[in-house]
Amino acid sequence: MNTPLSKKLLFVSRKAPYGSSMARDALDALLAASVYDQDLSVLFMGDGVFQLVKDQAAHRAGMKSLAASLPALPLYDIEKIYVQQSALEQRGLADAELVIPATALEDGDITDLMEQQEAMLSF
Amino acid sequence: MSILHTVNKSAFTHQTLSECLSVCGSGHSILFIEDGVYGATNRSPCRETIEALQNLDVQFYVLDAAIEARGIKNLLIQEVHIASDEEFVDLVVQHTAVQSWF
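Which chain is which? The protein sequence lines are F and W, in order. Just so you know, we're using this note's numbering here: the first sequence kicks off at 1 and counts up by one. Just so you know, we're using this note's numbering here: the second sequence kicks off at 1 and counts up by one.
Source of the hints: derived by calculation from the structure; they are not laboratory data. Treat the hints loosely; a few may be bogus.
To be verified - Computed spacing ranges between beta-carbons, pair by pair:
| # | chain 1 | residue 1 | chain 2 | residue 2 | range |
| --- | --- | --- | --- | --- | --- |
| 1 | W | PRO45 | F | GLU115 | 25 to 33 Å |
| 2 | W | SER2 | F | ALA29 | 23 to 31 Å |
| 3 | F | LYS7 | W | PRO45 | 31 to 39 Å |
The C-beta atom is built at its ideal place from N, Cα and C for all residues, glycine as well.
Take these sequences, add in the hints, and give me the full structure.
Right, here's the structure in full:
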């Protein structure tokens, strides 16, 4: 599946959804990258895990819902979706249902994931 | 496979550095830039973790211009290296990928 022009890219999304445009920017860049047939993964860590919370009413912040867009990722063949387990626990979300299924990773697994990448894009 | 991490937020007001340290692996390097350099000083909230990682073959660097600008050269944790802009470029080239924490 790796053509010579295909790179292993990890998108690291670490910001909460509506305080800045970073979370939206990460998603837009990720969807754009999917057009170019790259080997993509996305990791939600730190406050970025708040993007995965259900029942967001983005219009109350005058924004478009991010949580409504995230379930589209598999349609763009982005299947490698990860979330930092310790960040979920610290924020009381360990047992919460998330807007998309994401593989929970311990911090040591995140180290391994990063070491496998050719490049990382940080948001 | 080794990663270069850059950190540009003060450890006294942000979690950025501790997030970075929590996933930093053996053989990685961490470069403090901009306000990030405050995280490499003696009273840094992350000092203990930094010293533990130094024993796990993690190298720490601060950008020369950033510490000169802030007058904190004599406050650095021991064995934190001072890197010039040229050495910053060398570090980028020497690692397989860069993760920027901001």
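In this structure, is the beta-carbon distance linking LYS7 (chain F) and PRO45 (chain W) contained in 31 to 39 Å? holds (36 Å)
For PRO45 (chain W) and GLU115 (chain F), compare the CB-CB distance with the range 25 to 33 Å and indicate the outcome. With a Cβ separation near 26 Å, PRO45 (chain W) and GLU115 (chain F) satisfy 25 to 33 Å, so the hint holds.
Between SER2 (chain W) and ALA29 (chain F), does the C-beta distance stay in 23 to 31 Å? holds (25 Å)
Checked against the numbered hints given earlier, the structure satisfies every one of them.
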